[in-house]
Amino acid sequence: MSTASAALTGKTSSHIGFWESTVGKKAVMAVTGAILFLFVVGHMLGNLQIYLGQEKLDHYAHAVKSIPALLWGVRLVLLLSVILHIIAATQLGLRKRRARPRAYVKWASAGSTYASRTMYWSGPILLAFIIYHILHFTTGQALGPEFREGEVYHNVIVGFSFIPASIVYIIAMLMLGSHLYHGVWSMFQSVGISHPRYTPLLKKLAAIAAAALVIGNISIPVSVMLGILK
Amino acid sequence: MKLKLHVWRQKSAASAGRMVRYEVEANEHMSFLEMLDVLNESLIEKGEEPVAFDHDCREGICGACGFMINGVAHGPMPGTTVCQLHMRHFKDGDELYLEPWRAVAFPVVKDLIVDRGAFDRIIAAGGFVSASTGSAQDANAIPIPKTGADMAMDAAQCIGCGACVAACPNASAALFLSAKVSHLGLLPQGQPERKERALKMVAAANHELFGGCTNIGECEAVCPKHIRLEFIARRNRDFLKASCTFREETAAAGAG
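Read top to bottom, the protein sequences are chains A and B. Residue numbering for the first sequence is 0 to 229, as defined by numbering that gives the first Met the number 0. Residue numbering for the second sequence is 0 to 255, as defined by numbering that gives the first Met the number 0.
Hints in this document: simulated from the structure, not taken from any laboratory. Treat the hints loosely; a few may be bogus.
Stated by the list, open to error - Looking from chain B toward chain A, a few residues come up when the C-beta cut is under 7 Å (computed): (1) M18; (2) V19; (3) R101; (4) V201; (5) G211; (6) I215; (7) A220; (8) E229.
All values reported here derive from a predicted model rather than from experimental measurement. Note that CB positions come from ideal geometry on N, CA and C, so glycine has one too.
Just chain A, same shape as in the assembly (with noise of 0.2 Å):
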């Protein structure tokens, strides 16, 4: 079987790099699933302050690209974590699907929680929303003539007033929600950070951020929706 498994995988030393271990690739994906979980928060933040009316939430869309040094640096940083943590994901998925070519005829949870099971839909059923968003606010196509670039708030009520529109985003919200009720406390079993006094307190921090994510963002197709926010 070594021999079989050596040839397989092309390997027979016995150490191995960093990128080549399923470790080091978790690993990468905890670092930049930290650095995608910041930026959603701060996003949301950034968001919410809609709530404030159209003057406050367009001055902010302005400050933010603002300097254009500091925005695209941002976007690079976020496409680069978005790119390596897919690629590891999708690399570590064939893994999984070499380890065991023979499924189970009957499979049963003994201790695994549905969010955590669900990481590779979840995951690109995020990818997808993503690149419709950016296309729905950001470039506006999906937005169509009503696009009004620079105009957040405008876009924003426009957006969410068609209804097929608001439930896509309500929904990839709750992928979020699932996809972060794990990953968040999973990034620092990766690296690593593992102890009876904090584990706990981390998953319910998880738990919390992504209810709060789930909650924060999914108001506003929701106030719009109602006719809160017009």
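Based on the hints, put chain B in the right spot on chain A.
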């Protein structure tokens, strides 16, 4: 009690297997393996091939036994190997699916028996301490902090049964590896080879085509020895540190 069993039957590693249905009359005082012994007696009397399954001590301490019962490694009782699982936990008329551990690194040998040689090769890669021969020094000559000794004992409980791999949707050996890396890495005797151990054992698991850990916790739930997920974090820590600080040996070892 009457049970309906669906058992994975596979003549050899090369042949295709399938689920076969059996009925067996058991009583609640039997262990699960004794119930299978009864089934096998009846199969032998009928001139059929008995169901092959691994077992040795039947005391829950050797790690030889183990298969999936209704999709859960070692069956429904936590912290229990299949040999220590008793039929009183089942009801008359229960329908049970018995399958071998499934992983490319654990090829089926026959029926419910898999080849866990991959675990032996991982141990050979680094799951040991090098010790001088000769008479052992006094056991209390090396001070060991109590908490470290306790944790090392917890990790050392791993019997290498393979349930963690079987339960893991990724077929990852992370819990097994973490127990072995931790139980030596927590003790003074394990320090000289600590970095090398983490690197070599992770490399060996990679070469055996085990999957990667996604921290979901199925392994911890089925482990008959309650090895904790915390040890996987420890293994990650050891590996990441070792990977970042690794350097080649610069000189040949002296001959003393």
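Hint check results:
1. Interface restraint check: M18 (chain B) against chain A, minimum CB-CB distance 6 Å, threshold 7 Å, status holds.
2. Taking 7 Å as the C-beta contact cut-off toward chain A, the hint placing V19 (chain B) at the interface is violated, the least distance being around 12 Å.
3. Checking R101 (chain B) against chain A: minimum C-beta separation of about 6 Å stays under 7 Å; hint holds.
4. Here the hint on V201 (chain B) is kept, as its CB sits about 5 Å from the closest CB of chain A, short of 7 Å.
5. Residue-level restraint check for G211 (chain B) holds (minimum Cβ-Cβ distance to chain A is 3 Å; threshold 7 Å).
6. Taken as an interface hint, I215 (chain B) checks out: its beta carbon lies about 4 Å from the nearest beta carbon of chain A, inside 7 Å.
7. With a cut of 7 Å, the hint placing A220 (chain B) at the interface with chain A holds, because the nearest CB-to-CB distance is about 3 Å.
8. A distance limit of 7 Å between C-beta atoms decides the matter here; for E229 (chain B) the minimum to chain A is near 5 Å, and the interface restraint holds.
Violation of the numbered hints given earlier is confined to hint 2; every other hint is satisfied by the structure.
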